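Student: In case you want the letters, here they are:
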Amino acid sequence: MATVDIHLNEETAHHGDGHHEHEHHETNFWTHYIFTIDHKMIGKQFLITGIFWALIGGTLSILFRLQLGFPDMDMSWLKPILGKWIEIDTATGFGTLDPEFYLALVTMHGTIMVFFVLTAGLSGTFSNYLIPLQIGARDMASGFMNMLSYWFFFLSSAVMFVSLFIETGPASGGWVIYPPLSALPKAVNGSGLGMTLWLVSMVFFIVSSLLGSINYISTVINLRTKGMSFSKLPLTIWAFFLTAVIGVLSFPVLFAAALLLVFDRSFGTSFYLSEIYIDGEALPNQGGSPILFQHLFWFLGHPEVYIVLLPALGITSEIIATNSRKPIFGYRAMIGSMLGITILSFVVWAHHMFVTGMNPFLGSVFMLLTLIIAVPSAVKVFNYLTTLWRGNLVFTPAMLFSIGLVSFFISGGLTGLFLGNSAIDIQLHDTYFVVAHFHLVMGSASFFGLMAGVYHWFPKMFGRMMDAKLGYIHFWLTFVGVYMVFFPMHYIGIAGYPRRYYSFTNFDTFNSFADLNMFVSIAAICTMTAQFIFLYNFFYSMYRGKKAPLNPWKSNTLEWTTPREPGHGNWPGEIPTVYRWPYDYSKPGADVDFIPQHIPYSETPESNLPYENELIKLEAEDKEVKVADGSKH
Amino acid sequence: MDTTNIHIVEEPEKQLAMHPRKFSMWLFIVTVVMIFAALTSAYIVRQAEGNWREYELPLSLWINSGIIILSSATMHWAYLSAKKDNLEMVKVAISSTTFLGVLFLIGQMWAWNVLVSNEVYFTGGNPSESFLYVLTGLHGAHLVSAIIYLFIVLFATFRYQVHSKNLAKIEMCATYWHFLDILWLYLFIFLLLNH
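Protein chains in written order, with our numbering: chain A, 3 to 635; chain B, -15 to 179.
Honestly, the hints are just simulated from the structure, not real lab data. In this text, all values refer to a predicted model and were calculated from it rather than measured experimentally. Don't take every hint at face value.
[As the list claims (entries may be wrong)] Quick look at which bits of chain A chain B covers, simulated, 3 or more residues with Cβ under 8 Å:
#1 74 to 82
#2 142 to 148
#3 218 to 224
#4 252 to 266
#5 284 to 297
[Said to hold, decoys possible] Covered, in the sense of this in silico footprint (three residues per stretch, anywhere, with C-beta under 8 Å from a C-beta of chain A), are these stretches of chain B:
#6 30 to 42
#7 102 to 109
Heads up, the beta-carbon is just placed ideally off N, CA and C, and yes, glycines get one too.
All chains, full assembly: derive it from the sequences and hints.
Tutor: The following block contains the structure:
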């Protein structure tokens, strides 16, 4: 009865099950590839843009690694690309990297990687692509909003890209853009137009991210197919859902912080500025507090870490279970730990600020809350390991990348225990130890999640298989490379070497690390080069790859019940009904080692557990209801 | 026991599903709440650090609060009329809501004038002064968007697209409007207690 009422009152009732009209839409190049409202194409748009940004972000890191690894190198050969950012000594012809540009490089590397690659490229791609396919929906709750979400991201990307080429250089105050440096255009070149463009770009990015997140949440809650209760959702969807929740709660706070910063920069308010001298000249600003910005920023900034990481963890859960041919160990514990991480992510932000002169008591409270995050994280790690344990492992490239993620999550997570201590943080704060920590646990782990996702869902996205051999080469080079790059940084960091410094050869203390830094730089260049194997594989397979079978990984989730190249609307006929959870792999008694979600218990009497046999009766009633429904329409 | 099971297996999606757009509206409201939560907590944190200039809030804010409460009442009147298919009344009610909304915005501008004449400025002064302008200004910006929304609903009413069987538009508009009303009252009380 209630449903009847709703349908009467809804003008958008056609978003429900019986929605077929889109499949017959005429599409041309513009509506199919550019201004598309099909979630699958939007997901691919995010992916391609993300790959583009990853290349730029990676290249920037190679540039500053050259400076760090080879401080005495003649950089004049980079002059054709970097122009005036390479200063040539007229007498000797020796080229050096402009120190301010070095700061811009690390700033843009961080911004691009955190926001444009690992937020938009990862969550944007897979939330868009997988949510409707895995919950059994024809499209997102609002295809139009979804399109806007991509185009705001595109606009944001365009602005950020332009800022790389302006005369004063891009923003250079670090990706955290702490005032007063970022608030005073006179302080450093990068705080001028570059910073303004950074803020404009981020505002568009926030809009894009919020439009996306709102859509993901309302799709997951409202558009699940029959039988797809929350306790039957694949863990990927749980992860995307919680990621979106974090996004909706934290990005507006960044907006507030950025708004006040804009007022300080361009209108003359003093929210973050007080008693500042530039060139011996006193500024009029009085009464502001730069720490206030840090509080606002990290209230987004810390949850942002989990916005980046949770989708990767969700993807990994799915891939590890599929390729271990075993149910995920502790499905409910996985959901519980993700919920725990979601909640805790909002109450730990001040651990980024232990050394800002904060009250030590407050510091110990945040330390306690921070260390508690180790518990749900450890639950997840143990569940991955126990899923793998004695599984019938299939080492697809996606599986290898997922296992790689688990490895990084452990080795990077352990250093988090040290950094979370407010006392040890006095020594380690802002050193390469921090750099090593977050590049392993957040950067590389999420990047591996992204790669795993691409390798795993490529057959669904493009209807073709990626080359597995190239995938293995790509994996091993990247996996070994990442450890070669980031493991030595722990030692440099413990020695106290601060991050973001242009050069350390002037300090006797750090001279002994010159070799290690050179090693790191060489490893970074090799790892970066290995990514071109992936690029080749990706674009070649898109057109020339082997045609993919319908269910290449013998997986249980709903996306593999669609045609090889699903049209808009995903299923040509009725959307399948879901009867079981997504992890019925190697069920005792079953003929095959996987039973997809849409197979009713009545068809698998040989493997049913006693309580599942009782559900058969309900399935029968369900079918009757469906028949009755069908006759009504 | 049996019946609950049937419910879960049969149509579990129906238990939670609501109008996706209405749901998205609520999520949008959550994001606005987070913006103001951030700003008002920034206000408190900054105030706790001292060096905080105190000043009188203009009296016209009280009148503005009255106006916006009244506009919520007319908005509800519009909704009830639409539910009863009384379309003429809907037009009158939405028009008066729009009018009261614009009046509220003018009132806020007037309050800014009074503040300026009391030497409370947006720029160049203590953050306590700037905060007031940011909070009222940002709320005003959202109210402008709500007024645009009201116009959309008004046009829809003229084209007979708002009636008892098609309430989603006006319901969402009313939700947003009431929310901005409550948000203003929160901000006003917050400022009264903490200015």
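Student: Could you tell me which of the hints above the structure violates, numbers in ascending order?
Tutor: Hint 1 is the one this structure does not satisfy, whereas the remaining hints hold.
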